[in-house]
Amino acid sequence: MTTTPARASAPPDAESRTTGRRRRSPRTWVRGGGLTTLAFALPMILIFTIFSWWPIVRSVVMSVQETNLIDPPTFVGLDNFIAVLNDPLLGTAVVNTLYFAALALVLGFPIPILMAVLMSEVRRGKGIYSALAYLPVVVPPVVAVLLWKVFYDASPNGVFNTVLGWFGIAPQPWLQSPDMAMPSLVIEATWAAAGGSIIIYLAALLAVPAELYDAAEVDGASIWRKAWHVTLPQLRGVIFVMLILQILATAQIFLEPFLFTGGGPNNATVTVLLLIYRYAFQNSLGGNYGMATALSVMLAVFLALLSWAYFRLTNRWSTS
Amino acid sequence: MTTEVSTRASQRAALAATGASAPSGSADARATKRRRRPLVEDSRGIVSDADLRQRRVRWSMRGVHVFLSVTLVLAGLGPILWLAKAAVTPTQDTLRQPFALWPNGIDWENLSTAWNDIHIDQYFFNTIVIAAGAWAFQLLVATTGAYTLSVLRPRYAKVLGSLVLATLFIPSVVLLVPLYLTIVDPPLLGRDFSLLNNYLAVWLPMAANAFNILLVKRFFDNLPREVIEAAKTDGAGPFRLFWSIVLPMSKPILGVVSVFAIIAAWKDFLWPLLVLPDPAVQPLSVRLPAVQSQTELDVFLAALAIATIIPIAMFLIFQRVFLRSAGLGGAVKG
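These protein sequences, in sequence, are chains A and B. Residue 276 in this note's numbering is what sits at position 268 of the first sequence, and the numbering runs on without skipping anything. Residue 203 in this note's numbering is what sits at position 26 of the second sequence, and the numbering runs on without skipping anything.
Hints listed in this document are in silico derivations from the structure and should not be mistaken for laboratory results. Keep in mind that the hints are not guaranteed to be accurate.
Said to hold, decoys possible - To be clear about the criterion: a stretch of chain B counts as covered by chain A if any three or more of its residues have a C-beta under 8 Å from a C-beta of chain A, and this derived list gives those stretches:
no., segment
1, 313 to 326
2, 353 to 359
3, 414 to 423
Ideal Cβ positions, reconstructed from N, Cα and C, are used throughout, including at glycine.
Assemble the whole structure, with the sequences as input and the hints as a guide.
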């Protein structure tokens, strides 16, 4: 950070480009192209200040304020947080979100890994298989949910109930029963997201060095042993990252419960994000922005702590 | 033969490992282009050629093929084909026999009814406007920002870069309410000015995308420095360097960012729902759930089908860019 003239004799690498602007006097700064540089930086600085950095700060500020769009905001301390924690629906929403995350983990997490491993093994048709697997990801999520809502028609002639009928299974109520609503949401969400994960795992599988398999074969490893001792350890890093990303995504699930069930039946699919939305935008008394931001801040802090703990833990596993 | 295969495989591994690696020259770029589908081409997997000589393994591999074809066609293509069929089927047939192929004839009118009577044409146009604007603003911010951070590198580049990167770790839920209030009453523009129902309200927040900047910056970092230095020696200023040297060399990554931008804008639901309350300016994703209750099922399914056509067509045309972008997303996240 020193402004010694010796800097000017630095080798012609990245550093040397800044030597023209070593002195801080405004005139040399302008002459050295400081204004032009600022012109290039400006779109990013402006957009991020107004639409990212400032709202993030404001979110924390608003969580300790009472804000409506007419009066200036007033400081209320932790009232918003207390109001949220006293909301009887919060417990339901947290349990539902955890339930969704758990179901999505059990159902949705192993399937893409298995599919990707199988797809990486076939000698022909990888391109068409990847395209088919990715197709659901391309369908706009709103269309996917609305289409699946038709599939989940509870009448015996509904699409899924017809299929069940072929196997002699009785029609299911799907979205209309509190017990089946959440699993139905998870099945659709898994269908919609699996393709993206498959492509990521596939890319990781293709990056496994061939030498490792060759070496394992020299040692006489069978197919299962190769899969267990070469493929899985090589995928470990990607699996760890995908796992936390999926947990973070399911913790913020909104579209499925909002469009499929609106939180029903009997609040069985109210999630944390749906609750935030209700506080802010579906309130008959006007938006309660304080409670909404208080809950978002709590969720964000929880997710940050969770990811931090997760990365510490997985780091220890990876190095041991 | 075997050595050639293994070197190619390791090259590919290196390519995959570096993720957003830039071509180190135009000849190299052409070579990459000519290579057919780098993501899905054959490479060494678990099952070796020697394994395949066993009959049991060969039969299992055939089983894998059958399993993959059946599941992927059913799960990947099935729902879309059903939607295509239902879009031109009368409501009663869809309700009574969802899997019968047109027992009472094809009803092409569903499509025109959806297009004209429930104004899918207008919402379709709105969606295109939103996607085009989001694309332009994201590209503008991502390229100029990455150019600042990677090539111009002013003193404040490091601080700026880490501030941008930090937003990747903030869950988007935190932004929802304060961002909404920023749109309702933008700072410094007076109390009565509002961006509600203005497309800028969708375009500008989408441009604050740190992931784009990271992707493009990584690509710029890997551009050959000699070319940039040579252009500077020849007297090219920052603008010329940006427009005539850096951007033309960065077409692959610009394609990736474009795909991300357009698809994200096409998919977005909650944000346009909040900031575009006027139905006349809303995109398809917001209008479709809203019109569902007043629309007959067959016409509604036709509307869903129309809303899916453009993304599917884009995917079929730019399949390679899509699949590479999807893999790239993983490489950067990992």
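Stated coverage of the segment 353 to 359 of chain B by chain A [criterion: 3+ residues, CB within 8 Å]
Result for this restraint: holds, n = 7.
Closer than 8 Å Cβ to Cβ for three or more residues is the test here. Does the segment 414 to 423 of chain B pass it with chain A?
holds (count 4)
Quick check: the segment 313 to 326 of chain B, covered by chain A? Criterion 3+ residues, Cβ under 8 Å.
Our answer is that it holds, as 7 residues pass the Cβ test (under 8 Å) against chain A, meeting three.
Violated hints: none; the structure is consistent with every hint.
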